[in-house]
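A.B. asks: These protein sequence lines map, in sequence, to chains A and B.
Note that this note's numbering has the first sequence beginning at 1, numbered continuously upward.
Note that this note's numbering has the second sequence beginning at 1, numbered continuously upward.
In case anyone wonders, no lab produced these hints; they're calculated from the structure.
Watch out, some of these pointers could steer you wrong.
Straight-line alpha carbon distances no greater than 20 Å define the calculated DMTMM-like cross-link-like pairs of lysine to aspartate or glutamate that follow [as the list claims (entries may be wrong)]:
(1) A:Lys106 with B:Glu156
(2) B:Lys202 with A:Asp142
(3) A:Lys106 with B:Asp152
(4) B:Lys136 with A:Glu355
(5) B:Lys93 with A:Glu58
(6) B:Lys93 with B:Glu131
(7) B:Lys93 with A:Glu355
(8) B:Lys93 with A:Asp142
(9) B:Lys136 with A:Glu36
(10) A:Lys335 with A:Glu355
(11) A:Lys192 with A:Glu58
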Amino acid sequence: MRSFLYIGFFVFYFGLFPVDQSEAPLFFELPVEFDETLQKSSVGEFMEDGFIAPVSIELVSDEGNPLFYSSSIRTTVCDDEICEIMYVKLYWDLVGEYVGFDTLVKHPLTKFDHEPFTHVDYERLHELLKNEGSILKFKQKDELIDKEKVRASDVVDGTTGATSVEIKKEVVEGALYSSYTLWHLAYNGKVKNMITEQTALRIDDQLLKQLLNSSRSGYKLFAFHNFEEKEYQVYRKYWLSALKNDMPLTRKYILNNLPEKIWNTKNAQEDVCALFSYYDVNTKTYLLNKLKKTANVSARSLEYISDGLTDLNSNQTKQFLSLVRNRKEITPNTKSNIAQASDNKNFKYSYLIDEYERNK
Amino acid sequence: MSGINRTAVCHFFSAVNSGGFAWIKYILGLLFFLFVYLQTLSSVSAQELVAKETGLPDFQLAGLDGELIRNRDLTGKVVIIDFWATWCGPCLKSFPAMVEVQDRFLENEDVIFLYVNTLEFPGREADYIREFLIKKGFDIPVYLDRVTPNADSLSEKLGITTLPSKFILDKSGEIRYQDSGFLGNHQEFVEELTGIIHGLLKL
Chain A
1 MRSFLYIGFF VFYFGLFPVD QSEAPLFFEL PVEFDETLQK SSVGEFMEDG FIAPVSIELV
61 SDEGNPLFYS SSIRTTVCDD EICEIMYVKL YWDLVGEYVG FDTLVKHPLT KFDHEPFTHV
121 DYERLHELLK NEGSILKFKQ KDELIDKEKV RASDVVDGTT GATSVEIKKE VVEGALYSSY
181 TLWHLAYNGK VKNMITEQTA LRIDDQLLKQ LLNSSRSGYK LFAFHNFEEK EYQVYRKYWL
241 SALKNDMPLT RKYILNNLPE KIWNTKNAQE DVCALFSYYD VNTKTYLLNK LKKTANVSAR
301 SLEYISDGLT DLNSNQTKQF LSLVRNRKEI TPNTKSNIAQ ASDNKNFKYS YLIDEYERNK
Chain B
1 MSGINRTAVC HFFSAVNSGG FAWIKYILGL LFFLFVYLQT LSSVSAQELV AKETGLPDFQ
61 LAGLDGELIR NRDLTGKVVI IDFWATWCGP CLKSFPAMVE VQDRFLENED VIFLYVNTLE
121 FPGREADYIR EFLIKKGFDI PVYLDRVTPN ADSLSEKLGI TTLPSKFILD KSGEIRYQDS
181 GFLGNHQEFV EELTGIIHGL LKL
């Protein structure tokens, strides 16, 4: 009787007052807990060709900390025979990178045969949308299908014989136009601009730290884009860490924008050169060029570079030797590294050192 | 109401088990049977709804000059409704075939064609649509799906998310034909629709 009572109570309670469904989207890449405490605010809207309603962008924050952006979108997807209204919710991070999507209540995504997407289809769509370099980026809508083949094979779903293999491999089968439309929404330039403008407007110390401490490369680069001289002083460990660990684009941005006042100090130069062995080939070249234009290069900085001398390419070796030539003093370790590189039979450019020694 | 406070529920059941609130058992039992009864009622309602769904829900459409048309104006007529939008290529592609069918029944007052503009781009109002159709060379009776900006539209009530969507109603208002898209076979389409309309006129 007691268990019957309990079951009755629960059935009755949840029948009348269903527990709110989790708001977590189908796919979402950021470590965010979705609950009712998140605040949403509209940050702007725009109209685009092919849209039947303006695209409104919403910022989602937690206790004032911006977390991500989202937009519930209603757009048209047409092929030669039918047009569909597609309802979808897209999510972007704070710098406008796609991070996930969701369907809207009562509007599952469907294929052109009106079959709803399966879970595998949704997963494939998410993989496509994560791929910023998708082949769809370079395609116009009318290039998706070979019209001659459509007529020959009477294909209507748009992803069989008439679609090139390279496109077919990336899109959801039977949903070519939906895939195309959604990819171009996820990487819409207007959305990205609006989001980066809005995030930049909200930059303060707290958000800057949030961005710098993030594991997302785009966040760090965005933070550096919003650095002024003062921030390079305050957040020294962050930009040094980014030089060591981050992507080449970020490293180049930092080296290019490091204020002269900081770069011309011995400490900063040496800290940057101490990381030389971590740099990719382009960053190494960029740093050597920067040092060439620098009036006072410290002996210790050159020593750090000499530690990786045998990893340099021909031009870099020449640049390094030129820097050494222009200095009155070099450290004993630098001398030793140069000598060892000269004797190293595996170092392809040891002859450049020999030439340097002869012309010294 | 969002969620349930589990601690409160545990306390509640402890109190019930300890016999402190014996009367609550009876109330809960009563509520449970009430719940089961309501569930039974709602499933009956659902069956009735299915029966009703074979006809169109109550609606109002507005002509480009503002004249209104309602369900009751269509009683006793075979009605062909074509949902379309100016941005929908396949809709426009189907118009010549639709017009050919319409011309076949021009003299028959028991056959009405309604070209219902729906899901339109913002800003494309009556004047735009009128101009658009003149440019495209279509002389068709167009109605707007939304009489006022906040009114429910017929396409929403019918859950239409694909265009073109075509419906044919018999004289009693029952939906007898429903199709979406246009495959492009003009003559086949004309003959199919003509046959259906003739069949419904005989009923």
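A.B. asks: Taken at face value, is the distance from the CA of A:Glu355 to the CA of B:Lys136 at most 20 Å?
C.D. replies: violated (79 Å)
A.B. asks: Just to be careful, I want the Cα atoms of B:Lys93 and B:Glu131 compared with a cutoff of 20 Å; is the pair within it?
C.D. replies: Holds. B:Lys93 to B:Glu131 sits at ~18 Å (cutoff 20 Å).
A.B. asks: Checking one constraint from the list: CA of B:Lys93 to CA of A:Glu58, max 20 Å. Satisfied?
C.D. replies: Violated, at roughly 38 Å.
A.B. asks: Is the hinted pair B:Lys136 and A:Glu36 satisfied, with a Cα-Cα distance of at most 20 Å?
C.D. replies: The hint is violated at about 51 Å.
A.B. asks: Check the hint pairing A:Lys335 with A:Glu355 against an upper bound of 20 Å on the C-alpha distance.
C.D. replies: holds (15 Å)
A.B. asks: Does the structure keep A:Lys106 and B:Asp152 at a Cα separation of 20 Å or less?
C.D. replies: holds (17 Å)
A.B. asks: Do the alpha carbons of B:Lys93 and A:Glu355 lie within 20 Å of each other, as the hint requires?
C.D. replies: The hint is violated at about 77 Å.
A.B. asks: For the pair supplied as a hint, A:Lys192 and A:Glu58, is the alpha-carbon distance within the 20 Å limit?
C.D. replies: holds (13 Å)
A.B. asks: For B:Lys202 and A:Asp142, compute the direct alpha-carbon distance and say whether it is at most 20 Å.
C.D. replies: violated (45 Å)
A.B. asks: Next pair to validate is A:Lys106 with B:Glu156; report whether the Cα-Cα distance is within 20 Å.
C.D. replies: Holds, at roughly 12 Å.
A.B. asks: Between B:Lys93 and A:Asp142, does the CA-CA distance stay at or below 20 Å?
C.D. replies: holds (17 Å)
Hint violations for this structure: numbers 2, 4, 5, 7 and 9, all remaining hints satisfied.
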